[in-house]
Each structure stands twice: as structure tokens, then as C-alpha cells.
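Here are the chains, one letter per residue:
2 protein chains.
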Amino acid sequence: MKVENIELYYLSMPEILDVADGSQDALIVKVEAGGLAGWGECEASPLTSIANYICPKSHSAANPIKRSVIDKNINNLDDIKKIINEVKQKSLMIAQTPHTFSGIEVALLDLLAKKENCPIYSLLGDKKTTPKIAYASVLFGKTPEETFKIGKSIKEKKFKAIKFGWQNFGLDIQLDEQHLIAAREGIGKDLDLMIDVGAIWGTNIDKAQKRLNIFNNANITWLEEPFYSDAFYEYSKLHSLTNLPLAGGESCHSVESAKNMIRFGKVKFIQIDAGIAGGIIAGKEICNFAEENNIQYVNHTFTSHLQLSASMQPYANSKQSFFAEFPQQLKSLAWDLTDNHIKLDEDGKINIPEDIGHGMKINLNALEKYKVDVEIFVNKEKIF
Amino acid sequence: MKVENIELYYLSMPEILDVADGSQDALIVKVEAGGLAGWGECEASPLTSIANYICPKSHSAANPIKRSVIDKNINNLDDIKKIINEVKQKSLMIAQTPHTFSGIEVALLDLLAKKENCPIYSLLGDKKTTPKIAYASVLFGKTPEETFKIGKSIKEKKFKAIKFGWQNFGLDIQLDEQHLIAAREGIGKDLDLMIDVGAIWGTNIDKAQKRLNIFNNANITWLEEPFYSDAFYEYSKLHSLTNLPLAGGESCHSVESAKNMIRFGKVKFIQIDAGIAGGIIAGKEICNFAEENNIQYVNHTFTSHLQLSASMQPYANSKQSFFAEFPQQLKSLAWDLTDNHIKLDEDGKINIPEDIGHGMKINLNALEKYKVDVEIFVNKEKIF
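From first to last, the protein sequence lines are chains A and B. When we follow the numbering used here, the leftmost residue of the first sequence carries the number 1, and every step to the right adds one. When we follow the numbering used here, the leftmost residue of the second sequence carries the number 1, and every step to the right adds one.
If you're looking for bench data, these hints aren't it; they were derived computationally from the structure. Please note that a few of the clues may not be correct.
Remember, identical chains collapse to one label, so a pair may be satisfied in a single copy or spanning two.
As the list claims (entries may be wrong) - EDC-like mimics (lysine to aspartate or glutamate), calculated; alpha carbons at most 20 Å apart, straight line:
1. Lys-160 <-> Asp-78
2. Lys-57 <-> Asp-18
3. Lys-361 <-> Glu-292
4. Lys-57 <-> Glu-375
5. Lys-57 <-> Glu-146
6. Lys-157 <-> Asp-345
Kindly generate the complete structure, drawing on both the sequences and the hints.
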């Protein structure tokens, strides 16, 4: 069968707040072939990625993604790999491409898995799955008191790990310390505590190093994104100076860039977003490389449970990589998008559905309810 | 004064051919403030970058670029650096951002230079300029005979260096050898000969290594882009196995990514596109880092002379970095865009204009002649 049609759905909350919450809008992909439909989600600025998908060609290495997908064969995994290679060659010089294509790749795998009547992870060679320790992924509170309360409530929900992030953490060392103390007090001494600073220090190693004591006092499991995503030198330098376990990689947009983060950035945890890195197959390759180097693979996701399931497929049955990000403050859009949801078990773990595809059922009503209408005309011709 | 208005002009040839010729379309930026206008050019898929400029916000790290530029102060270089930082923070999670913003940064510098009545390079600290050895940048011929003829004609134009690239070079070693022999015969033994393979070997070191002899026999000055732009490990491995001088970096989209190419990719020539890397100020920082590490900075450009001038500003007066890319097969659009042009001198060198700004005068008729009309509606509201 051949890829007959692709639909892109731009969804949004009525209001977008100025906070680091990636669940406020979404770009959902439906791929159709042979009477089947596969679904995926891009981690992307939706309008930018829509343009990337349908833009007029600029030259032989700057083509619209559409050109490399529509009408292509999709009978087996090799066909999908051929599409991946074609997109990489033909749209190499459009920087947005990995963000846009990743969601399409997830949808292609979902569709192929439906044809084969199996889960995506089994298409990729895993016979079963291993539940992961879910870390509740939340933003810091606006005050240390609020951070304490969030931590306490997460502990009460039986989580074994929590990650606080963003919200201007990193700008004021005294306030940072209060937040860390509050976080640790809120969750107690046994839970894993991760901290995500969202690249706030840019390339400034000193600002990170100054906080070594407060991180050590809070007994953190990792420090995430201290620097810009490609500041490998600064990552490795901070690691060698402090021995802090570092995590990063959510902006890796290729297998190579993730390998760089491991080889040169010296992270201990490589965090891959299946909606950015190129898709699930790229994630699987990164996972293999990471584990050969004794680095843990961790999913990155801050949107819907469709994306949560997709992000966990590459290490579905890994025992070596045992954490999974589990966003806890999703906007209604991201929650409503699927009819079913991944749930925390009694041991504080989550697992991907063992159903066919990625196992998430799309709520078609949500596609209507949150729809953003986009029309693009080029020389008066409607191209989207 | 404040940035009052930005216009984006999408220009295109009537027909876009399926060749690696980046001069077939263009995205031109006009920035207006205090009665002045500055001009820049993005190296980008125009429609994708237009969307990136005006897209609805997704979250605090995925804003339209417009938000960080319009109404901002632009009285001095620090104001432009503030805008650069704001764009980096607020649009961090839209991968297209560096491509889009680079042209805006060039236009901001052109405007500021017009206010100060000086060339851009002097805003950045250079008091004068040093002409560069121009390498004629051309595509391989379709046959070795054609490659020979191109080489001969370039030599007759008094060039001292030439770079052949793309056109399926790298797929068939025997044909590759014939092209290299023809190229060297065409230009004679004294000219510098560079080869650009456009990442054709992906991450396959073996395919590159197998060609060591034919490269050595042709006495090449550098081998450009043997692998994907972020395949630093493969770059450094090839260098250590063959001692071939490598060049790369055109896809570096940040100061950090260029530093990675130098530190980890072990290139001898770092090629920076002012329309991709973040602009001229980013280029200047990369040039300083490169030269401190005994690496030559080289401009990358394959479009108009506006972009050629912009790409040469970061190393305007460098003596250590003495090559400049000089595209020789521009489509009429890229040629017509400026009223004036940079010319090869009797010594085979080129220099940037010593006029104010980047010194290139925009031909307003070309903006009309090649204009692509774009309209974008979001929820029925016209946003572009």
C-alpha cells in the first residue's frame, strides 16, 4: 500500500499563557493508506511546521516534506526507513524538518503496526514491555511554599520520582535554594528528585557551578539542561568540575546530535522527544547507542498521552533505562486528545499500552473542539 | 529609535529546478526605524520562515520571532545583542528560528550602520578591510568534459581558486575520479581546488576514506561536508584516518554549534552562513574562536551579493582567514536583487564595499519582478 493522504490538525487552547507548558497547543498528524489511519503528534510550532510540510520547493535540498511521503510505499519497516532517508536528503536545509517529520513518522509506524496487527514496539523488535518508574514532571511553584505543596501532593499520589522545572529557577541563588529545600521537604527523603533549568544559564558554567552545594544538599538525581542544547563543551566541563549527573537532549533533532550529546556533552541521561528527534526509529537507534555507553535513555514529553506512548516505544522493554517522564499538569487539550490514558500503577510505574499501534485512541471530538483554522495561499492558490 | 516595521519579501524564479542551487528563491528582510531602512537576506525556505516570524505563540519558549524584534530599541550594538538574546530565549524551541532571524539581524546591523554612517564591519570593530582570495563556487558539470570546461573558463576569468560541488559526486568512485582529473586539468596545477560533496555520505566514513587517493592526486585544498552537518565524530575520524583537510559548518545554526564543529569535528575551515548561524555578530564570535584555534573562517553563501557582503563582514579585516566563497552560477533573481555587485580584482580577490551598511543597494524593481504573493489566515484573520 501507498501513503494516500496526510492531514495536519492544528489544535490550541483558547488562550496561550506565557509559561513553559508545551501542552497548550498541538500539531496532530493523520496518515491514511490502504483503508487504515495512523496518528502521530509533532513537538512543534504548529504553523511553522505546517508551512514546512507544504512549502514550495527552494532547491534540491529544501523540499516540502510532503514530497517525500505522499504516494510512497508503506508495506514494511524498510519502506518507512526509505521515507526517513528521503526526507533527510530532500529537506536537509529546512531546519524545522525534524520537528515536522517526527510526528509523521510516528503516524506511519502506527499505521504499519495496525496493518501488522501489533504494537509499534514489536515492529521494532521488542516482544514485551517493562514498566518504567514514572517521574512526575511539573513546573516549580511560584513560591517555595507552592513548590512544597506540589511536591507533597505528588508524593501522596504514590509517585517515586518527581522533576521540577523552569519558572525562573536559576536566576536567584537564594530563592533557588529555598525552592530546592521546599521540594525535598515536600516529597520526603526517599523519592528521586530531578531539576530542569531549561537552558537558563546559556553557556555560563559559573552560574551552574555555584549551585553545586544546594543541588547536593537536595540530593538530586539529575540536573537537566543547564545550558543551550548544543553547548556540549559547557556540559562536559560542568560534569568534570562538579560530578553532577547531567541530563539533556530534548532538542536533539537527529541521531547524530544525540550521539554528540552523549559523546561530547557527557550526559548521564539522554532525553529524547520522539516528536523532535526524527521519530521512534531514531529514538531506538539513540537508545541502543546510549545503553552501549552505559547512559540511560529517557523519554522527553510534555504533551498528550499519544506523545507519551510514542516517546516510550524506543525503550519499551529496556531494563537499563528505567525512568519515564510523566507530565502532570497537562492542559485540557492534551488530556482530551485521547480517549484512553496511561495510568500510574501501585509501584509508581507507567507502561505503554500493549494494544496495536501506539495504543492510544484519538478523540475526534477534541480535534473539532480545539481546532485552529489555517489557510495558506501562495500566488492566490490555496496550498493549505 | 525603535524597530517600527519589518517587511518580508518572498522572491522566486518562475521555475525551481531540482538542483542544489540556493539562488532560485530568496527571503529578503526590510527593517524600518527612525526614517531609515536596513536590508538583509535569510538562507531559508521562505514560506517556513515567514510562518516562523508570525506564528501564534505555542508557549514561553516558542514565540513568533516578531515578538522579540518589533518595538525594541535599536540605538546601538548592545540593543541588537539584547534582541539576539531575547529571540534565543523566546523562540528557542522553534528549530527554524536561526534561519529566519539571521536575515533580520543583518538588516538590523545595516540599519544601525546607516544611522552611524559607517560600514557594518566598523560597527564590529574593524577599521578597514582585507581582500580575500575568491574561490569560484560552482556545481560539477554533468559530465567530466563539462567539469573540465567549467574549470577552464573559471581559470580564464583570473580566479586563483575554485570549488566544485554536488551533482551526485560521491556516488560512483570511478566517475568521481574522472571529474576530479577533469577539474584539475581544466584549472591547471596552480589554482586551489576545493570539493564540496554536500553530506552525500551521511555517516559512512568508509565511502569517504576510499576516495583518499583520488583526492590526493587532485591535490585538493579541502573536502567539504563529507557527512551530515552534526556528524562530528565521523568528521574527526575521517580527519585522523586520512589527514584530509576538512571544511564544514554551513548548517551551524548557533555560535555553539560552530564551536562544536571546530572542537569535535576537527575541521580546518569553518564555513559560516550569515543567513543561518544567527547573523553577522554570531559570525564574528565564531571567527574569533576559530582563529584562536588556528582554524580558518570562511564565508558560506550561494545567493545574492547582499548575502555575499553580509557573509564577509565577520572577517572583513582578517589576514589569517583569506578565502571567500564567490558563487558564479547565480540565477537572475539573485543577480538582479542588488544594483551594485562585488567584483573580482586582477589578483583574483574580492572585497566588501567600504560604503555604509553592507554597501549593497537593493533593486526595488527586482522585489516586484520576482515577488511571490503569500497570504496566511489563522481563524479567518489575516496574519500575513
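Okay, the hints, checked on the actual structure:
1. Proximity of Lys-160 and Asp-78 under a CA criterion of 20 Å is satisfied in neither setting, with 39 Å inside one chain copy and 47 Å between copies.
2. Proximity of Lys-57 to Asp-18 under the C-alpha cut-off of 20 Å is restricted to the inter-copy arrangement: shortest distance 9 Å between copies versus 34 Å within a copy.
3. Taking identical chains as interchangeable, the C-alpha atoms of Lys-361 and Glu-292 are never at most 20 Å apart, the minima being 34 Å within one chain and 56 Å between chains.
4. In this assembly of identical chains, Lys-57 and Glu-375 lie within 20 Å of each other by CA distance both inside one copy and across copies; the values are 19 Å within and 17 Å between.
5. In this assembly of identical chains, Lys-57 and Glu-146 lie within 20 Å of each other by CA distance neither inside one copy nor across copies; the values are 50 Å within and 27 Å between.
6. Taking identical chains as interchangeable, the C-alpha atoms of Lys-157 and Asp-345 lie at most 20 Å apart only when both belong to the same chain, with a minimum of 10 Å there against 74 Å between chains.
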